[in-house]
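Quick note, the sequences are listed as chains A and B, same order.
So for the first sequence, UniProt numbering puts the first residue at 1; every next one is plus one.
So for the second sequence, UniProt numbering puts the first residue at 1; every next one is plus one.
I should point out that these hints are in silico values taken from the structure, not numbers from a laboratory.
Check each hint, because a few of them may be wrong.
Label pairs and their computed distance ranges (CB to CB) [stated by the list, open to error]: (1) B:Ser92 - A:Gly168: 30 to 40 angstroms; (2) A:Val226 - B:Asn144: 28 to 38 angstroms; (3) B:Asn306 - A:Val223: 45 to 55 angstroms; (4) A:Val226 - B:Arg58: 23 to 33 angstroms; (5) A:Glu170 - B:Glu354: 22 to 32 angstroms; (6) B:Asn306 - A:Lys18: 38 to 48 angstroms; (7) B:Asn306 - A:Arg84: 44 to 54 angstroms; (8) B:Ser347 - A:Leu101: 50 to 60 angstroms.
The beta-carbon is built from N, C-alpha and C at its ideal position, and this holds for glycine as well.
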Amino acid sequence: MSLRILVGCKRVIDYAVKIRVKPDKSGVITEGVKHSMNPFDEIAIEEAVRMKEKKIAKEIVAFSCGPTQCQETLRTALAMGADRGIHVEVSGPEYETLQPLHISKMLAKLAKDEQIDLIIVGKQAIDDDCNQTAQMTAALLDWPQATSASKIEAKDGSLQVVREIDGGLETIKVKLPSVVSADLRLNEPRYATLPNIMKAKKKPIKKLAPKDLGVDVSPRIQVVTVEEPPVRQAGAKVENVDAVVEKLKALGHA
Amino acid sequence: MHCWFFTSQVFKSLPGKALVGNSRNFHCIKPLLQSTRHRPLVETITTLRQNLIKSLGRDSVSDTEAIRKQHSRDEGVERHNHLADLVVWPKSTEECSIIASLCSEKKVPMIPFGTGTGLESGVCAAYGGVSVDMSKMDQIVNFNPEDFDVTVQPGVTRKGLNHFLKDHGLWFPVDPGADASLCGMTATSASGTNAVRYGTMRENVLNVEVVLADGRVLHTAGENRRSKKSSAGLNLTNLFVGSEGSLGFITKATLKIYGIPEMMLSAVCAFTTIKAAVDTCVQILQSNIPIARIELMDDVAMDMCNNHNKLDYKVAPTLFLEFHGSEDSVKSQAKFAGEIADYNGGSEFRWAYESEERNRLWKARHDIYWTTLQSNPGCRAIITDVCVPITRLPDLITQTKADIQESGIIGPCLGHVGDGNFHTFLVFNPNKPEEFKKAETLAARMTKRALDLNGTCTGEHGIGIGKMNYLEKEMGPVGIEMMKSIKKTLDPHWLMNPGKIFLSEY
């Protein structure tokens, strides 16, 4: 087998950061905040790199869509072992309202243009928790899909995938080409090492605009307001059960 | 010289907040704390509290019992049930300075609190006072990846820092078991499994910002200086590394960071005797193999580890090894080490390259303290931390193990054999004072043996309260005098973390 794998890498706010809402309630503060690759996408890249080490894959193409800083995300993917990167540049208000459907359309077009055999993406992004991109991409391409993968084995021109589902684990066989989405227990991603970070600087990143892929990124949604959850109020102590009931009645709960 | 025999009776009658009636047993160091110190008076604390609220805001000060309790203990053996009188959360070095001035003015003890993951009761409020929780100062203030240095505030933990560094291909290798505060690690001169190759905090702290007891701010290597080496004046930085909160509040630490190794290979190997395992370790080091980690777990520890983590290692003295470097160098190091192990009768080699395999292996090692406690529900453990020159290790461990076996106490032996440092967790039931006594006696005998073998009573955990008995024998009278002299210069009223390290103030 020598597959060409396309991996989606989303640039998101780092999971360790405390999220703050903008004072004008139009969104969350992203300016000056640490961003990194979506953790599920790191798992996807790691899986692709392992497949290349096992000689199942021959080339790994990393993809990211967003502002200029997405190049950093792609460099991380390249340092982990991807061979080249594709950056579709979208910024400003169009970036704020970018949806999984837009990304799926881009992935589908790239899959055809770059002759991709396997698309691996993270199962969901930690900022929107959509869990839609893999499924939509498969539908657009009319390819089989194996989502929430916790184990992938390549066997005779197809993939045997163990999926994490509500009831436990499900094992399915998917023919190639296909779309797979990575779940948490698929692997533990490697760290990019300094020599690999240096080498990654020389790997090529192709820059494209959405229209080059025939994708219209004009907004399909409008963000009305973003608010923080209500601040926790202090509790109150009361002397006895009757007082509790009084209070509950006064608050309209009984 | 005054001798106060501190029992719970005496404390109940002193003015101050009432002690909580508690069914937990406390293993007090009996008449060892020789001091004329009293707990602060209620009136003093009330006034201090008002002043602190005025300067820091209501949200930064607490006198709630639950909060004070949380801040008056760590992860080690509970030595007493004294609570801090107040807990405060400074948000900056300036606020820390204000706290120090206010407390000094009223002669109230101050105890820096990081993550509370210490093992020697270093944060316990032996004489009440103010617990200064540094966790709100949680910024990485200066990061210079190409210079391999980073400056952090006390709220940054080692795992937090490593998460921040990983995208740059860098890491901070000092790894005590807990996810401890880096400034706290500076205060205890912490070490970990990687010390054999990368050193301990002593070798990796370039500069420290300290708020002294009187509120002055000190930069031990000069403000913002971060050169890798310096011959300028007296080495104040290393004075504070390991000072356990007794000389001031560490509000920033500048740390040396390293490139993540290109390849990491872990291996496990079982031996028939402890001596064979330790001999293998000594020989690996003498072959100058730049091994990154070499850890020992004895059969008792392996058994608990298997049961708790559902693993299937052989129940025998085992070495856990890790090699770092390029692919070629790692493979040749491992091959050579394998030959040495083989020569000493090692068997059941297991290797792991992949991240999840290696992490599973090392998690089992890092969690062994918790595993020990959970395997003996309701029990606590005295943790020993002796460290001797490497060639003395085989005898020390063998004698210690024999001693433990004879006593009937459960005591896994494990640790950083590459540094000549090993731990035992001497398990005792808090409801059986005779078990505690046996455990204490074992610990004392082991420490005496280690000191006789030119070693130290504590390789990495610090003195705190737990090892106060041994410091005088280890350092000798001139050493102790010197330390107290320095302490008195920096903290003339003995307000910084009193009741720790030294048996007496005089």
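Results of checking the hints against the structure:
no.: 1; hint: B:Ser92 - A:Gly168: 30 to 40 angstroms; in the structure: violated (51 angstroms)
no.: 2; hint: A:Val226 - B:Asn144: 28 to 38 angstroms; in the structure: holds (35 angstroms)
no.: 3; hint: B:Asn306 - A:Val223: 45 to 55 angstroms; in the structure: holds (53 angstroms)
no.: 4; hint: A:Val226 - B:Arg58: 23 to 33 angstroms; in the structure: holds (29 angstroms)
no.: 5; hint: A:Glu170 - B:Glu354: 22 to 32 angstroms; in the structure: holds (24 angstroms)
no.: 6; hint: B:Asn306 - A:Lys18: 38 to 48 angstroms; in the structure: holds (40 angstroms)
no.: 7; hint: B:Asn306 - A:Arg84: 44 to 54 angstroms; in the structure: holds (46 angstroms)
no.: 8; hint: B:Ser347 - A:Leu101: 50 to 60 angstroms; in the structure: holds (58 angstroms)
The structure shown violates just one earlier hint, number 1.
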